[in-house]
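2 protein chains.
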Amino acid sequence: MKIIKYTDVKPVLFDGGPARGIAGRVVIGKNDGANNFCMRIFEVSPEGFTPRHSHAWEHEIFIHSGNGEVYNNGSWIPVSAGSVVFIPGNEEHQIRNVGKDPLVFACLIPSNAPEL
Amino acid sequence: MKIIKYTDVKPVLFDGGPARGIAGRVVIGKNDGANNFCMRIFEVSPEGFTPRHSHAWEHEIFIHSGNGEVYNNGSWIPVSAGSVVFIPGNEEHQIRNVGKDPLVFACLIPSNAPEL
Numbered sequence: 000m001k002i003i004k005y006t007d008v009k010p011v012l013f014d015g016g017p018a019r020g021i022a023g024r025v026v027i028g029k030n031d032g033a034n035n036f037c038m039r040i041f042e043v044s045p046e047g048f049t050p051r052h053s054h055a056w057e058h059e060i061f062i063h064s065g066n067g068e069v070y071n072n073g074s075w076i077p078v079s080a081g082s083v084v085f086i087p088g089n090e091e092h093q094i095r096n097v098g099k100d101p102l103v104f105a106c107l108i109p110s111n112a113p114e115l
Numbered sequence: 000m001k002i003i004k005y006t007d008v009k010p011v012l013f014d015g016g017p018a019r020g021i022a023g024r025v026v027i028g029k030n031d032g033a034n035n036f037c038m039r040i041f042e043v044s045p046e047g048f049t050p051r052h053s054h055a056w057e058h059e060i061f062i063h064s065g066n067g068e069v070y071n072n073g074s075w076i077p078v079s080a081g082s083v084v085f086i087p088g089n090e091e092h093q094i095r096n097v098g099k100d101p102l103v104f105a106c107l108i109p110s111n112a113p114e115l
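Sequence order for the protein chains is A and B. For the first sequence, numbering that gives the first Met the number 0 begins at 0 and goes up steadily by one. For the second sequence, numbering that gives the first Met the number 0 begins at 0 and goes up steadily by one.
It is possible that part of the hints are untrue.
One copy or any two copies: either way a pair holds, since identical chains are not told apart in the list.
To be verified - Derived pair list, reagent style EDC-like, types lysine to aspartate or glutamate, alpha-carbon separation capped at 16 Å:
1) K1 - E91
2) K4 - D100
3) K1 - E68
4) K4 - E91
5) K9 - D100
6) K9 - E68
7) K1 - E90
8) K4 - D14
9) K29 - E114
10) K9 - E91
11) K29 - D100
12) K9 - E90
13) K4 - E68
14) K1 - E46
Keep in mind the hints are simulated off the structure, nothing from the lab.
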C-alpha cells in the first residue's frame, strides 16, 4: 500500500507554448505496480490552461478545488470542487483556471497512454 | 463529454453489517463508455467505515475532504484532503472517518471489478 500527500511528489512544470502555469504529478503509476490505469494530479495557476488537444485515450477527472472551465465542442463549461468530467478518447478538450486560487484536479488515464 | 457534480448521481447507501454510514456513487463507468476503469465517489459519515476486506483488484484513491484513517497491515494511517492511496490487489484494507465532517474520496477500480 502507498499512502502519500500528492504534494510529496516533485511536480513537472508545463509553462510555455500550448500550456501555461501547469504543475503535473504522477501519484500512482506503473512504478507503483499500477498496471491498469494511472492517477495524475494537476495544479493550474490562475490564468493558466492545459493544451487544447485530442488523443486516443480517455480522461476521468475529479475537480478537487478552485474554479475552472472545460472546453467542449465550442463551449466553456464551468467546473469547481466536486465536479466530475469524463472525456472519451478523440474528443478535443482544454481546461483553464478562471479563479484566483489554483485549480486542482485528479486526471486518470489508461495504461496505454503516456503517464505525463 | 460528461460534466456533472458528483452529487447529481443518486447514492447507494451501505449501512449495516461490515459497513456503516457509506454513500457510494458510480460517476464514470461502463454506462458512459468508460471501458478501462471506473470512478466512484464515496462519502463516509462521521463514525462510519467501509468493510475490512481484500479482493483481486486494486484501488486508486484521492481524498477530497474530511479526516480519515486507512487500515494497512495492522496500523491505521491518517489521511485528509490531498492524500493519495494506492491499494494493490489482494491487500486487506478498510477506511474509517475519524473527523466530524463527511470523509469524501474518489476510488477508482479497473474494468474487471464490480462497479459498486
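Okay, the hints, checked on the actual structure:
no. : hint       : result
1   : K1 - E91   : between (33 Å within a copy, 13 Å between copies)
2   : K4 - D100  : neither (19 Å within a copy, 20 Å between copies)
3   : K1 - E68   : between (32 Å within a copy, 13 Å between copies)
4   : K4 - E91   : neither (31 Å within a copy, 21 Å between copies)
5   : K9 - D100  : neither (20 Å within a copy, 30 Å between copies)
6   : K9 - E68   : neither (26 Å within a copy, 24 Å between copies)
7   : K1 - E90   : between (33 Å within a copy, 11 Å between copies)
8   : K4 - D14   : neither (23 Å within a copy, 29 Å between copies)
9   : K29 - E114 : within (9 Å within a copy, 22 Å between copies)
10  : K9 - E91   : neither (28 Å within a copy, 29 Å between copies)
11  : K29 - D100 : neither (31 Å within a copy, 34 Å between copies)
12  : K9 - E90   : neither (29 Å within a copy, 27 Å between copies)
13  : K4 - E68   : between (25 Å within a copy, 13 Å between copies)
14  : K1 - E46   : neither (33 Å within a copy, 24 Å between copies)
Checked against the numbered hints given earlier, the structure breaks hints 2, 4, 5, 6, 8, 10, 11, 12, 14 and satisfies all the rest.
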